[in-house]
Each structure stands twice: as C-alpha cells, then as structure tokens.
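Each residue of the sequence shown is one higher than the last, beginning at 1 in the working numbering.
Keep in mind that the hints were calculated from the coordinates and are not lab data.
Hints should not be assumed to be uniformly reliable.
Unchecked claim - Computed list of lysine-lysine pairs in DSS-like fashion (alpha-carbon distance at most 27 angstroms, straight line): (1) Lys215 <-> Lys169; (2) Lys215 <-> Lys113; (3) Lys29 <-> Lys9; (4) Lys26 <-> Lys110.
Claimed, not checked - Label pairs and their calculated CB-CB ranges: (5) Leu219 <-> Lys2: 53 to 63 angstroms; (6) Gly127 <-> Gln231: 23 to 33 angstroms; (7) Ala53 <-> Lys242: 52 to 62 angstroms; (8) Ala22 <-> Glu68: 22 to 32 angstroms.
By construction, the Cβ of each residue, glycine as well, lies at the ideal position given by its N, Cα and C atoms.
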Amino acid sequence: MKFDQISSKENPLFKELRLLQATGSKGQKARLSSGCALLEGIHLVQTWVGDPALETLFTSELGLQNPEIAEAVYAHLEMFPQTRVYELDSSLWNLLSDLINAPHIAGLLKLPKSALTTTQSIASLDGDVVVLDRIQDAGNVGAILRTAAAAGFTQIVALSGCAHLWSTKVLRAGMGAHRLLDLYEGWSNQQALSAITSPLMAATADAEQDLFNLKCELLKPVAWVMGSEGQGVSEDLLAQAKGVSIPIDPRVESLNVSTAAAICLFETVRVRRG
C-alpha cells in the first residue's frame with residue numbers, strides 16, 4: 001500500500017506536528033486551535049487503535065518493517081479506511097521526537113469536546129475526584145493520571161496553572177490513561193470548590209492528620225487535592241479541606257507529588273477493600 005510522503009521539514013503538516021509538541025502556552029494554543037494532540041510511540045498509538053478519534057498516522061519505510069508498528073497501522077486502517085497515513089523520511093524522526101531511537105510511529109488524535117476549552121466547568125461533580133493544583137511538571141501530571149486510572153479515580157480536575165493535560169509529554173507519561181478518565185482543566189479554585197460535592201482531602205506535609213489513621217472518611221467519595229511542586233496546595237483550597245500528611249522519615253523534607261498521589265489514592269483503595 002502506497003502512503004503519502006513527507007520528506008522536508010518545511011512541509012506544512014510537519015511544521016504543525018512540531019507546534020503540537022511545543023511546551024507551555026505555545027503548545028497548548030496550537031493543540032486547542034487545531035483540535036488535535038500528538039501521540040508519540042507505539043504504546044500510545046496502540047491504545048487508540050480502533051478509536052475514530054485517531055484520524056491520522058505517521059510512520060516511515062523503516063517503521064513499517066517493525067511488525068508491531070505495521071500491525072497497528074493496518075489494523076486501524078481496516079477499521080477506519082478513511083484514516084490518513086503519511087510516511088516521513090527517516091531523517092525527520094530525530095526532529096520530531098526527543099526520544100533516543102524513537103519508534104517511527106505517531107498519530108494525530110482528535111481532542112474530545114471537553115478538551116477544547118480550558119474554562120469548561122459543570123454545575124456539580126459528584127463522587128471521587130483528583131484535583132491537580134498548579135502542578136507544572138508534565139511528567140508528574142502524566143504519572144498522576146496513570147495512577148488515578150489504576151486506582152479507579154476517573155474524574156480529574158486540573159486547575160489553572162497546571163501543565164496541559166493533552167501535551168505530548170503528559171500523554172507519554174500517562175501511558176494511555178487519558179482514555180479511561182474524565183478530564184476537566186483550566187478551572188479556577190472557586191469553580192472547583194463550587195462544583196465538587198465530595199469532601200476535600202489535601203495532601204500536605206505539615207498536617208496533623210496522619211493518612212494511615214483515616215478510616216471512615218475514605219469509605220465515602222473524596223476529592224484528593226495534590227498541590228504544586230514548590231508551593232503546595234493553595235491557601236483557599238486548604239481552608240476548605242482536611243489536611244492529610246504522609247508519615248515519612250524526618251530527614252526527608254517531602255515526597256514527589258506523583259508519589260504522594262499514588263500513596264493517597266491506593267490507601268483509599270486499601271481502606272475500601274478492607
């Protein structure tokens with residue numbers, strides 16, 4: 001099967017891919033403007049094979065020699081023959097990906113409607129929630145999304161100031177968790193406080209309440225609030241939340257926020273199973 005070729009870094013579509021990869025507000029603006037996010041690597045592409053939101057695939061002659069990549073491309077084409085597939089010149093992959101020896105496979109994913117505005121909110125958000133308060137590191141955000149999905153916490157609210165949930169690095173760190181989650185981002189603190197009906201539990205180092213002494217509180221729906229790497233949870237959120245600390249060796253100042261989230265979420269799972 002013959003696919004369209006892209007051989008120059010000046011190709012308009014290739015330039016668009018590079019923009020979608022950009023970090024910060026530049027990349028977020030490009031993703032919201034185009035309505036697409038870039039999936040990098042075989043695992044992410046495989047996650048969306050069979051989903052009509054995966055509208056375009058990119059590979060190379062070398063990539064199609066990889067049985068795993070070829071299987072993903074042709075399986076998706078069989079289900080959605082209208083999918084556009086482009087073969088990039090192998091030399092372009094080093095410009096497209098910062099991964100060493102990156103597999104020659106990527107995809108353009110049509111964003112869900114809920115992702116196309118960063119001010120989306122709803123009147124009421126019931127049940128378990130994870131609130132991300134100005135967490136800026138894309139790796140941490142993606143790791144928390146992956147942990148939340150594994151723990152069964154499917155509602156995520158990313159407050160204004162967080163890394164964009166659909167950025168390439170967050171998607172990569174999330175390892176496909178996005179497909180399992182309901183994602184809301186760009187909310188103000190007040191929007192979150194107004195919409196979330198479950199009691200807020202804020203993970204914070206100096207709280208008197210020990211995580212492992214919580215029992216009854218975790219049996220009902222909760223909203224875990226994880227604060228920014230440098231500043232922790234916002235004061236106005238803390239004022240409405242129960243502060244909860246994870247007991248650690250006093251010689252260690254704090255835990256990485258994604259590690260703290262994993263401990264809190266899976267302690268919730270453990271209590272409920274008990």
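Hint check, failures only: Those not satisfied are hints 1, 2 and 7.
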